[in-house]
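Residue numbers (the working numbering), protein chains in the order written: chain F, 1 to 360; chain E, 1 to 179.
Because the hints were derived from the structure by calculation, they are not lab data.
Not one of these hints is a red herring.
If you want the footprint, here are the derived chain F segments under chain E, 3+ residues with CB under 8 angstroms:
1. 169-178
2. 277-283
3. 343-350
Cut-off 25 angstroms, straight-line C-alpha distance, at most; resulting in silico cross-link-like pairs (DMTMM-like, lysine to aspartate or glutamate):
4. E/K64 <-> F/E345
5. E/K2 <-> F/E175
6. F/K287 <-> E/E67
7. E/K81 <-> E/E109
8. F/K287 <-> E/D57
9. F/K237 <-> F/E82
10. E/K81 <-> F/E345
11. E/K148 <-> E/E167
12. E/K148 <-> E/D4
13. E/K64 <-> F/D257
14. E/K2 <-> F/E286
15. F/K306 <-> F/E252
16. F/K210 <-> F/D200
17. E/K148 <-> F/E175
18. F/K37 <-> E/D152
19. E/K2 <-> F/E345
20. F/K309 <-> F/D255
21. F/K40 <-> E/D152
22. E/K2 <-> F/D283
23. F/K354 <-> E/D4
24. E/K156 <-> F/E32
25. E/K64 <-> F/E357
26. F/K237 <-> F/E252
27. E/K64 <-> F/E175
28. F/K287 <-> F/D257
Please read these numbers as outputs of a predicted model, since none were measured by experiment.
The beta carbon of each residue, even a glycine, is placed where N, CA and C say it ideally should be.
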Amino acid sequence: MQGNDACAEGAIAAGCRFFAGYPITPSSEVAEQMARKLPKVGGTFIQMEDEIASMAAIIGGAWTGVRSMTATSGPGFSLMMENIGYAAFTETPCVIINIQRGGPSTGQPTMAAQGDMLQARFGSHGDYSVIALAPSTVQELFDLTVKGFNLADRFRVPAFLMSDEIIGHLRERVEFPDEVECIPPKPIREGMLPFEPEDDLVPGFTPFGKGHRVHVTGLTHNEKGYPASTDPDLHEKLVMRLVEKVERARHEIADYDIVNPDAEIVFISYGAPTRAVRQAFLDAPEKSYGHLNLRIVWPFPEDLLKKFKNARVFLVPEMNLGQIAREIQRHVDQPVIPIPRLGGELHIPAYLLKCAEEQE
Amino acid sequence: MKYDVLFSGFGGQGIILSAVVLGRAAAMYDGKYAVQSQSYGPEARGGASSSTVIISDDPIQYPKVLEPTVYVIMSEAGFQKFGAGAPKSALMLIDSGLVQSRPQCRCIEIPATMKAKEVLGKPIVANIVMLGALVSVTGIVGFEAMEKAVLDSVPKGTEELNIRALELGQDIAQKGGDA
Chain F
1 MQGNDACAEG AIAAGCRFFA GYPITPSSEV AEQMARKLPK VGGTFIQMED EIASMAAIIG
61 GAWTGVRSMT ATSGPGFSLM MENIGYAAFT ETPCVIINIQ RGGPSTGQPT MAAQGDMLQA
121 RFGSHGDYSV IALAPSTVQE LFDLTVKGFN LADRFRVPAF LMSDEIIGHL RERVEFPDEV
181 ECIPPKPIRE GMLPFEPEDD LVPGFTPFGK GHRVHVTGLT HNEKGYPAST DPDLHEKLVM
241 RLVEKVERAR HEIADYDIVN PDAEIVFISY GAPTRAVRQA FLDAPEKSYG HLNLRIVWPF
301 PEDLLKKFKN ARVFLVPEMN LGQIAREIQR HVDQPVIPIP RLGGELHIPA YLLKCAEEQE
Chain E
1 MKYDVLFSGF GGQGIILSAV VLGRAAAMYD GKYAVQSQSY GPEARGGASS STVIISDDPI
61 QYPKVLEPTV YVIMSEAGFQ KFGAGAPKSA LMLIDSGLVQ SRPQCRCIEI PATMKAKEVL
121 GKPIVANIVM LGALVSVTGI VGFEAMEKAV LDSVPKGTEE LNIRALELGQ DIAQKGGDA
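Chain F with its partners taken away, still in its complex shape:
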């Protein structure tokens, strides 16, 4: 099965029943599959006029209590940014699939990239926090789509599936579980206000029409949800909470693989380049390099870096100019060397080995 199809299957399995999107290469198969499958399970598919409207529609869908999703690639992702900020600020759980292609601008429609990783974290204005997942197999496109819905609901945030053209269009064997775990958001507890946080800093979520009067606004709001945009302390407290509710869970929700934690030379990767690193390790079994593969990139789980106690250097192959390498460097004293590859092709394993050998 093709990666993009597996993503749509994951969404349906996770109970997604609303998709609004605008087709764009190389993500269009996600929309195609959702258009085919949603009507058969009582869901709704809308092809919207553009990407910002798609985001607006899924925010509306989420507030009716339906798991909602859109899919796009870089140019559409840029257009979604305003409403992604709205989703973050209104604490609307939703899932955005980004099958990344070469940018900037319309760039390389048919070629892979990972150039939107910082945009996923910081693309909309103001401070907020989100969750970003990165699959490196077709199976993970299924599994992490399901996980994305659960995390979006748990933290009431937009969750991004940051895949790329290589994995999105790859065909390989996928195994669907008979049942997937779907954890809905916790409802507003008796006596609590709609934006009043619980101990985990996440307010209960009760959709429209289910017994609570809720006012939803992109203006700075109090716990009732009413605008209160000139109160400096309230604004600071709210924004800090929106960031903190995700960031403080970053080690608990971390999803990763570690190979050879005693190594001195350590690769860190996510998405398609992970497969180039794994191939390099197979090609050179005599070498004992370390590897950290991240399936959740944001929030960034920096404690994992400390597991490599003997690390002298971190090598970070990415299909961008070192976006996550920059994040890693913030957390460690050792040198972090980006191994960028632009143009759409995956890193060659032999080249990765050469980069590592230069550090020996």
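Given the structure of chain F, go ahead and fit chain E onto it with the hints provided.
Just chain E, lined up with the frame of chain F:
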């Protein structure tokens, strides 16, 4: 055992479908691992299109083919773009009616489009003829696995035609091809 197979031809010949069918036969019906990817761009609309499949007894990490070991070439433009640099150790099956050039490596000539038209009256199944020949020459997957994968992938009402195309390819290859 690991095969890196590259299919090339012009858009519309079913180059990508061929790779999907081969991958499906291996992964679903032959207990092997397979990953398939394709050149994906404007060339898929008439220029030289290509598609690759890796088939292996072991899990496959790197999803792209860096150097094919088996080529299936169905157009001269496809040969020039993807097949001309094939190493001597490779094996190439060509649609000999459509590809004028010949590689340095071992080459099996299968007049697939011509025979599909002559014998079956449908040149459109030439890609399936090539698959039949490929299975016969290489044994990458079993013939039965290939049959099942073809039946999964072709439109309703064309099953018999496609199975005959598969058998035709096998037949031509068993006779040593056109060479």
